[in-house]
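As given, the protein sequences belong to chains A and B, one line each in that order. One point on numbering: in numbering that gives the first Met the number 0, the residue at position 72 of the first sequence is 71, and numbering is uninterrupted. One point on numbering: in numbering that gives the first Met the number 0, the residue at position 78 of the second sequence is 77, and numbering is uninterrupted.
Hints listed in this document are in silico derivations from the structure and should not be mistaken for laboratory results. Ideal placement from N, C-alpha and C gives every residue a C-beta, glycine not left out. Please note that the accuracy of each hint is not assured.
What the hints assert, rightly or not - Example chain B residues on the side facing chain A (calculated, C-beta under 8 Å, incomplete): (1) ASP24; (2) THR27; (3) ARG28; (4) PHE69.
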Amino acid sequence: MPTRLLLALVLLALIVLAAPARAATPGPYLEAEGIGSWLNDSRNRTAEGTFNAEFQRGRGWGLALGYDLAGAYPGIGTGRIELEAARRRSALKKLDFAEGKLPATGKVAIKSLMCNTIAEYHEPSPWVPYVALGIGYAEVAISQISAVGTPFIAAGKDRVLAWQAGGGIGIELGDHLTLDVGYRYFATLQPQLQLADGSTFKMEIGSHNLLLGVRLKY
Amino acid sequence: MVRSCFRLLGWLLVVTAFTGCGQNDEPTRQIDFVPLSSLEIVSQNSQAAAGTTNRFTAIGHYGNPATFQFTRDLTSQVTWASTNPVVLTVSNDPALAGLASAGVAGTATVTATLGASHTDLDFTVSAATISSLSITPPASTSLHAGDTLQLQATGAFSDGTSQDLNEAAVWSSSAADVATVGDAVPGKGLVTAVAVGTVAIAASFGGTSATQAIDVTAAALQSIVVTAEDGNTVAAGTTTQLTATGTYSDGSTEDLTDQATWASSLTSVAKVDQDAGNHGLLSALAAGTSKVTAALGSVTSPGFTVTVSSAKLSSLAIDQTEPTVSVGQTLQLTATGTFADGSTQNLTRDVAWSSGDTDIATVSVSSGNEGTVKGIAAGTVALSATSDAIPTGSGTTVTATADLTVQ
C-alpha cells in the first residue's frame, strides 16, 4: 500500500475516533511537526541586475515547546504561546536570467526559531480551529548552486529576522494528545549571500507550508 | 493579546496575498558565468565589389544544445583582423566595429578574436563595377517636419550582383533647410525633415547616382496633454480653466485649448465648456471623479482625472491688499477662496464683483474679464467680491472687500 494512502487512512481514522469535547485545562505541551514547504519564486538582487530562482517542493520538521493558556487567563484569551524550532529544505529547480531559464542544482535550507502566539476557538467539539502568528530568527543556508554545470552561487549562510502567520485545526484525540493540521506562510528579511565570483546578492525568502503535527500536553 | 492575533493575522494574510506570493519580475542580470563555446562571423553580403563596404557581425554561442544555449552579439567586443589589408580592412573602432572597406579585388580571411576564442571567414572582393544605383523607398515620399526616414541605397554591379551601398555612397540634400541627410557612419542615408517644402535627396557612388524626392509637410500633432489651473482637485460649485497643450513631430508645442474638442467622462460631476471665449472652462458640479480629454483630429489626450470635492467655502480674499490704478487704466484683481478642508482655489471667475462707486472705478463681470477694474476718476472706492453661488459652510454668502485708489 502506498505510504501516502496509508497516511491518509491513519489520519482519517484518527479524525473519526477523535475524543468527545472536554474542558481545556492549562498546561505545558510538546509538539512534533512534519512540514511540506513550497518556496516562492524569489527575485534576487545583484550589483549587475536581478535574477530569479525557482524551487522544487521542499520538506522539513519542527519541534515546539509551549504552554496552553486554556481558559485560565480570560484577560488574555483562549490560546497558546510556544517556542518553535524548525528546519525546511528545498532544492533549486531553475535560475532565470535576462537570456532565459537555466536548469540549476543546489539546495536552500532554512532553520528557524520562532516565538508563536496561537489564538484558539473552542467549541463543544474535539475540533479546535486556530490562527497563529510568530516572529523569530532564521538561518538561511545555501549549498553551492550551479547552472548548466557551472557554479554560480557560493555555499554560505546568513541570519535574518523571520515571521510567520497561518492557521489550522487541532483535533483532540484524548486528554493529552492533539493532532494538528495547519498552514503557515513563512518569510524572512532578505539574507545577503555570495555569488561564486565573490560578489554579494540579496535573496527573497517566502514560502507556503503545510504541517501535520502531534501535540502532547502534560 | 491572543484575540488581537486574529485581527493582525487577517491584515498579514491580505498583505501577503498582494505582495508575497510568487513575485517574480523579469530578470535583468545577464548570464556571465557560462563560457563562450564558439564564435561565428555573419557577413552582410557574400562578396563585395572593390571600393564598397561590408558589415561583419560576430555572434557568440554560449552553453551547449544539450542543456542550455544562447547567443550574444559580440561585434563590438571582438578584435577584428584581415589577413590581406590591401584587399579588405575591418574596423575595430567601437562605433564602426565590424565595418569592412573593400580595397582592391582579391581574397582575404577575416578573423574575430575574443580571449582564447576565435573564428575566421574567407571573403572575396570582386572587380565588378557599378551599373546602377537605386534608393528605396522608390516612390515619392512625404514626411512631416521633424520626422526621420532611413533611406537605403542599393547598387547593381556588372557581375549581376547587388549590394547595399548605404555606407559607401555619398549622400546629399538639395535643400538642407527643408530636409537634411546623414553622410557619416552611423546615420548615413537618414533623412530628417526640417521645414515645409520639397527636396531631392541624392546618393552617389562610382560615378552613378540616384535621387529621391521628399515632400515635407507641416509638423504633425503627436500628442496632447491636459493641465488645470488649480490642479486636479476643485470644489463643487466652482470653475477652473483647463489647458490643452499639443506636441508636434518637430518638437514644438502649441496651446490647443481653443481648438480642441473637450469631453468629460461624467458630466454630472464635471462638464467642460466648448463655447467661444470659454473653451476648456471646467465647471465642477457635484462631488466625484471624472476623466477629461481634449481631442484634435485623430489625436486625443490621455484622460485627465478631475476630482470634485464637496468642501464648502470658508473665506474669501482679494489678493491685492491696496490696489491702485490710474485714470483710464485697468488692473486685474484676483479672488482666492479658502475651503473647509484647507484647500485654496482661484475664484476670480466664480465670484460676483462690484464697485461701490462706478463714477470712480468699474469692475468687469463679463465672461473672461471678471475682476478687471478700470479707473474712471481720481478717488477711493470699495470693491467687493461675493461668493454668490459657491456653497459655503455657513450657508450664507461670503464677501471680500478691498479699497481701490484711482490716481
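Hints, one by one, checked against the model:
1. About 6 Å separates the beta-carbon of B:ASP24 from the nearest beta-carbon of chain A, less than 8 Å, and the hint is met.
2. The closest approach between the C-beta of B:THR27 and any C-beta of chain A is roughly 4 Å, which is under the 8 Å cut-off, so the hint is satisfied.
3. The beta carbon of B:ARG28 comes within 3 Å of a beta carbon in chain A, closer than 8 Å, and the hint placing it at the interface holds.
4. The interface hint given for B:PHE69 is met, as the beta carbon of that residue sits about 4 Å from the closest beta carbon of chain A, less than 8 Å.
Checked against the numbered hints given earlier, this structure breaks none of them.
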